[in-house]
Amino acid sequence: MTYIDPHIHMLARTTTDYEAMAAAGIVAIIEPAFWIGQPRTSVGSYIDYLSTLVGWERFRAAQFGIRHYCSIGLNSKEANNERLAEEVMQILPRFLLKEGVVAVGEIGYDEQTPTEDKYFRAQLELAKELNMLVQIHTPHRDKKRGTSRSMDVCIEHKLAPDRVVVDHNNEETAQEVLDRGFWAGFTIYPGTKMGNERMVEIVRRYGSEHIFINSSADWGVSDPLAVPKTAQLMRERGIAEEHIRRVTYDNALKAFTAGGQMAESDWLSPPAIDQRTLFEGNSVLRGGQEPRIEGKRTKERMLIE
Amino acid sequence: MPTPAQLLQGWLRRQLPGDAAGWLEAQAAVVGGAETDRALFLAISLVHRRIGKADLALSAADIAAAEATRPGWRPAGWSLDQAARIFLLLAAGGSPTRFAERLEQMFATADVGELIAFYRGLPLYPEQPRYIQRAGEGLRTNMKAVFEAVAHNNPYPAEQFDEHRWNQMVVKALFIGSTLYPIEGLERRWNPDLTHMLCDYAHERWAAGRTVSYELWRGVGPHADKAAVDDLARVLDNGGPVERQAAALALRESPHRDAASILGRDPDLAAAVHGGRISWDALAAKHSAPT
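Line by line, the protein sequences give chains A and B.
Under the numbering used here, the first residue of the first sequence is numbered 1279, with each subsequent residue one higher.
Under the numbering used here, the first residue of the second sequence is numbered 146, with each subsequent residue one higher.
Please keep in mind that the hints were generated in silico from the structure rather than gathered at the bench.
Hints should not be assumed to be uniformly reliable.
To be verified - Distance condition first, Cα-Cα at most 16 Å in a straight line; then the derived EDC-like pairs of lysine to aspartate or glutamate:
| hint | chain 1 | residue 1 | chain 2 | residue 2 |
| --- | --- | --- | --- | --- |
| 1 | B | LYS289 | A | GLU1335 |
| 2 | A | LYS1422 | A | ASP1388 |
| 3 | B | LYS198 | A | ASP1552 |
| 4 | A | LYS1422 | A | GLU1377 |
| 5 | B | LYS289 | A | ASP1552 |
| 6 | B | LYS317 | B | GLU282 |
| 7 | B | LYS371 | B | GLU329 |
| 8 | B | LYS198 | A | ASP1544 |
| 9 | B | LYS317 | B | ASP338 |
| 10 | B | LYS198 | A | GLU1377 |
| 11 | A | LYS1396 | A | GLU1360 |
| 12 | B | LYS431 | B | ASP403 |
| 13 | A | LYS1532 | A | GLU1542 |
| 14 | B | LYS317 | B | ASP345 |
| 15 | A | LYS1421 | A | GLU1377 |
Make a model of the complete structure from these sequences and hints.
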């Protein structure tokens, strides 16, 4: 099996993670621009962060045969620093059209302040102007209302629901997101978001249409193998292979290829120039190695709670 | 004689489908002499979508034309997006100062593909010495492909770098597992300090129980002192088959008085290097991955 992790912050992860991810069958990842754990104090550090997403991190992933994409945006936490936010909005257009930028993201609400709302809307307008997808971070607190509001605002700005990914869903938000025709991302992240046993039940209940999972692994206690581990758990618990395939690969591919910046051929048959310059370590190109996640160590830690 | 920009334009026009070629020509017209750089920033970013990344198809005549218009320019191995990005940069024109300031801004927010293109274009920018610092920045990267855009098949380093920067580049190429043979001007820029650095590097690797690339010895022969010749003797006596051929070539090229007698210890190898049956080019073709 091959997998896509459509939401992971690799900047905070190690090469050991990349190795394990490649070995487990992950072929492509999307890294949304987000908060780095420590507030940025100037637009300069924001520029360097975004440059890293389209530069160094893409190269780093390629060394392990993993295709790296990103979404670019001003996150909701830092939107509250208005001086910074204004300057970041000025430089975003210089990054949004770069190769492999699949969406404006992750944007949305954190505390649902008026300032967050202002920059969320401004970025939705930018997405519309540049004909881009949107990747939405739904808030941790007052989540259900924040999720509804995020979708309301997208509709108000005339974005098509199937061009918007609403992320970090749970049992409380899933129904509305699916009913309204948005893509529903589920984040398997210990403690604060979804556990993978709960995810199995979500798929049992809602099926696999318009649903996909991700790890959102970052600088916190999180698991970059959340996608393959959850796939394995689904398999063990009797979920049909076609559903597993959809929520761990097909749907993310479908959602994000609509933006024109991601295609299956990127990893199945990359252009010669990429093979010469970027994809030395590509296990796909070298005939592939059998993905494995059933090692003793991962087996012991299969459950993510 | 056509300018580099005209050559690039002709090659792209010939290979691109009509709509892509039309888009590129329109962008070139817009960015040329524009008041602000916004259109250029967006056009350069859009190249990968509008032009694609197929290999730039060049004939022997094209390669010769490139050499004639800018000696040392090696567009073989470029892709369409790289050619188109450099073409747009050149089309934007402006004074050399304006050109350099604008390009520096673009480097600051470049993605990997753009970095590679901008560095490959180095030999074509006006007032060449302006870009020495920028090229040095390209060598500081840990992205091998970006490093190689500066170091490989590019006349800029040999023409512009002082000895210190040049030596750092050559040693770093070995350090990051890249190759030396595609570096332009390699033969004419060997120097005693570089020989010393290369031998030091070999000793450091040996002390750690690691091997060194056979290419390292290419930089040792021309300026070998007694210690360096002893290193070559050690490789000739104990190295693997490819390393021993490299040591034999280096000894053949060394003016040091002990070199000939050391090479004589292995009559077969000595005969092979004297007879031209072993050469650096042949070793590179056989034992180095193409770049």
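Do the hints match the structure? See the list:
Straight-line distance between C-alpha atoms of B/LYS289 and A/GLU1335 comes to about 13 Å, which keeps the hinted pair within the 16 Å bound. At roughly 12 Å between alpha-carbon atoms, A/LYS1422 and A/ASP1388 fall within 16 Å of each other, so this suggested pair holds. A distance of roughly 8 Å separates the Cα atoms of B/LYS198 and A/ASP1552; the hinted pair therefore holds under the 16 Å criterion. At roughly 34 Å between alpha-carbon atoms, A/LYS1422 and A/GLU1377 are farther apart than 16 Å, so this suggested pair is violated.
About 13 Å separates the Cα atoms of B/LYS289 and A/ASP1552, which keeps this hinted pair within 16 Å; it holds. The straight-line distance between the Cα atoms of B/LYS317 and B/GLU282 is roughly 13 Å, inside the 16 Å bound, and the hint therefore holds. With a CA separation close to 28 Å, the supplied pair B/LYS371 and B/GLU329 exceeds the 16 Å bound. At most 16 Å may separate the alpha-carbon atoms for a hinted pair to count; B/LYS198 and A/ASP1544 meet this at roughly 11 Å.
Between B/LYS317 and B/ASP338 the CA atoms are separated by roughly 15 Å; this keeps the pair inside 16 Å, and the hint holds. About 11 Å separates the Cα atoms of B/LYS198 and A/GLU1377, which keeps this hinted pair within 16 Å; it holds. Between A/LYS1396 and A/GLU1360 the CA atoms are separated by roughly 10 Å; this keeps the pair inside 16 Å, and the hint holds. For the hint linking B/LYS431 to B/ASP403, the alpha-carbon distance of about 29 Å lies beyond 16 Å, and the restraint is violated.
Between A/LYS1532 and A/GLU1542 the alpha-carbon distance is near 10 Å, which keeps this suggested pair within the 16 Å criterion. Using a Cα cut-off of 16 Å, the hinted pair B/LYS317 and B/ASP345 holds, with the two alpha carbons roughly 13 Å apart. A distance of roughly 33 Å separates the Cα atoms of A/LYS1421 and A/GLU1377; the hinted pair therefore is violated under the 16 Å criterion.
This entry does not satisfy hints 4, 7, 12, 15, going by the numbered hints stated previously.
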